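Dock chain G against the given chain Y, drawing on the hints supplied.
Quick note, the sequences are listed as chains Y and G, same order. Going by my numbering, the first residue of the first sequence is number 1, and it counts up by one from there. Going by my numbering, the first residue of the second sequence is number 474, and it counts up by one from there.
No wet-lab data here; the hints were simulated from the structure. Possibly wrong hints are sitting among the right ones.
To be verified - Which residues of chain Y face chain G? A partial, calculated answer using Cβ under 8 angstroms:
1. G48
2. M49
3. P50
4. N94
5. Y95
6. P274
7. V278
Computed from a predicted structure; not experimentally measured. For each residue, glycine too, the CB sits at the ideal point set by N, CA and C.
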Amino acid sequence: MAGEKFTSDVVIGLEIHAEMATQSKLFCGCSTHGTDEPNTRTCEVCLGMPGSKPVLNRKAVDFALKLCLALNCRIAPQLVFSRKSYFYPDMAKNYQISQYEIPLGKKGSLKLKSGKEVGITRVHIEEDPAALVHPSGMERSTYVLVDYNRSGDPLCEIVTDPELESPSEARDFMKQLITVLNYLSIFDINRCIIKADCNVSIKESGYVRAEIKNVTGFKEIERALKYEVERQKKEVHEGNSLKQETRAWDPDLGITRPMRTKEVEEEYGYILDPDLTVIDITDEMVSAVEQDMPELAESKIEKYVKEYNLKKEDAEILSQEKLLADLFEKVAEEIDPVLAAKWLRRELVRVLNYSKKKLAEIELDERHLIDLLKLVEEKKITETTGQNLIEKLLQEPFDVKEYVENQGLAAVSDKGELEKFCKEAVEENPKAVEDLKQGNENSLNFLVGQVMRKTKGKAVPKEVNEILRKLVG
Amino acid sequence: MTSEFINKVRNQEIDIAEHTEKALEKVKRIDSEYHYMNTISEDLAREGAKHVKAIGEGVLAGTAVSIKDCICVKGVESTAGSKILEGYRPVFDATVVQRIKKEGGIIIGKTAQDEFGFGSFSVNVGIGKETPLNPLDKERVCGGSSGGSAGLVRKADFPHISLAESTGGSIVAPASFCGVVGLCPTYGRVSRHGLIDYANSLDKIGPIAKTTMQAALMLEIIAGHDPDESTSLKRPVDPYTDHVGRDIKGMKLGVIRRAFGEGTDDEVTRKVKDAISRLEDAGAEAHEVSLPMASEYAVPCYYLIAMCETSTNLAKLCGMRYGRHESLEGGFNEYFSKVRELNFGKEAKRRIILGTFARMAGCRDAYYIKALKVRSRIIQEYKKTLKQMDVLVSPTMPFTAPRFRDVEKLTPLQNYMSDILTAGPNVAGLPHISIPCGKAGGMPAGLMAIGDHLQESKLIQLGSALE
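If we strip away everything but chain Y, and leave its shape as in the complex, we get (with noise of 0.2 angstroms):
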């Protein structure tokens, strides 16, 4: 039996396939994006067109390569592309351009977030298919479409060891993936797709593994993992055999159903493509790459802990999506990191995710953020006036500092001014007085509050906390 060496509850590996953001297809100069007309970025190499010939998109290489250092996989001394023959009308050629025997990278690894490394067992490149359109859904259609537009875009394959031991160390090894393919720049998660095969399997089958195709989004695979471990679980118990099987994600659903049943490996045929020729990766192309290389999360984090004192759950946040990090990075020059850290995970972030918005897709001036956090630090504005001052900015840019002078919404500093206020407060409200006298506290709030909505916000609450309780003995 395939599963003797395996010892736990649940076993789970992945074969991802990560689209890599070029700006050419893999092997013609078509784009990778723009219109989506059906069938217009197309040509007769990614329509596979007699008498086309392929040329190498070297800027794939080079991405591809970046991500094989980034999960420190060993990398092979040369590229060499091979034929993978099946046919299926989503292929131009009826044969996919992959690698076979010696892919780019192998034998990396990839931490997760509780610290366990994953073994990664290859990376490496290849083409995507079309993509099959059924007009009525792939139930009912009666046809099918095929949209060439996506023929020949550049994917990276990801396969990990079967080390991953439940759906949702699964889910956190994309999510930590995705953090790296980010870092890297290689992938666009605006566009570009990441999906997975699952293979999966439990104890009490002896392991019998069955492989969920083409799911779609960390999500989802944790989603379809879930269900897939209980489903194997419910056949055992009921006393049903599992068979080797490939099954298909329903999202609609949230169920798993079988595709065809696995009795032999896949018999792809594969030979070297004569048509590309073997490219040495030598230690200058790697070096390159080296250089190219970013500072990644994992790595941030652990300086964010040590330099700047964060704790690590808000170092793990800020690093999780690199410009989020470069921006903190660039703001705790000049602001202290900690209070910097509290205002872009709290605030900047609470605001995004309120608008849906990405960080990538809003307009903001780091200078401007530098501007108002330095206001909040030196006290010159409220928090409340700074909360508000962040939601305007990520609505458009402005300059704060003369914003926030021509409106007139500098914190009121000044005792004397202060002390007025709160006088009038005292004056205004007899009955919380001497409820405050009592000892109720929720007075001292409201007083609080009315103070600050003389001064449309302005004071600090701490501030006026402390002359109430002066004021009202």
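Below, chain G alone, put in the same frame as chain Y:
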């Protein structure tokens, strides 16, 4: 002489439009009798003639050029001789075609061939196509797979060069059978961009012409690096035509011993030996050499690699995007099977099945991978021998053009064995030339010379010396 003609075209002494009309008439007449053309591109030829007349320039100015059917010509049906590609009009010109057009060559049409190049006699034409007949004897084959090219070169009495293609001997074999010159360049010397693949690691485009000079002229135009084709070589191109007529004094000829023994027609042996003597008289030195690896293993090695590659190349032909379509019934598997069953010829099916088998898990190491290893050994053997010799010589084909009725009797294996002399240089990617060297039993015999990689000039030198 072509150069005289080209000068007259440039000087407007010849009305190229009128000349081309006449040439087209002649091609049609020849074709109706001998079946050399799959398509005659009259409109394109007229357009080309008009252009040449207007600018009066180009190294080929006004020369008629026929193109083997497997090489893409924009807007002209290009089927590689197969019914399954009926109606395929490429949206682009092959790089070689672009270069020929630029030099004022007038493209007159697509020449007949074995379907996808699958044959040595041009009898394996696609379903519905007619078999080309030998220009010297209609009872006999033209040779293949570039049969239409060689036949037309022999028959045309106007300035004309043909562009052929060789995977395992398809340029020199028909040249030998039709008594003309065939020049197959080093693998990678001429861009394959626009060539409908037979076996990509073996395919080479090269000229068939009446004289070595004309072949050299054409090679000079089509050779050279092409950024659109990854296996195309970057090395600068030799001025091949300068080597025509150059003294061969001291040139070392390695005479391949096994090629003259058992299996080779006695009279062919005699004619080729006579030719070698003439070369010796002109100052060349002949030495016997033996190439045991190539003699023994080139044919199986060639067929394994070629079939593995071709079975993947032909997969794309399934009636979905171009070429023949059939009525849509059943799932895609049934549809693809139907299109392929109805439109591939028998030899194409045989090679797809054999090639698919040889690359399946379990067979792959024993056949495909082993063939790749043997190929390296064969290359090493040639390179070693060519360190001592300038060129290697042998008959091109072990016999003269056979009669159709005799070819019919051959088993597939006997068919494949007819490539025994040409498979070696093709597997090794070495340039080779076939030069007519008299008649054996009334039919032309050819001498083949093989050079080291990128040593086409030596072959041209030797070819012109023999003429």
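So, going through the hints one by one against the coordinates:
no.	hint	in the structure
1	G48	holds (5 angstroms)
2	M49	holds (6 angstroms)
3	P50	holds (4 angstroms)
4	N94	holds (4 angstroms)
5	Y95	holds (5 angstroms)
6	P274	holds (4 angstroms)
7	V278	violated (10 angstroms)
The structure shown violates just one earlier hint, number 7.
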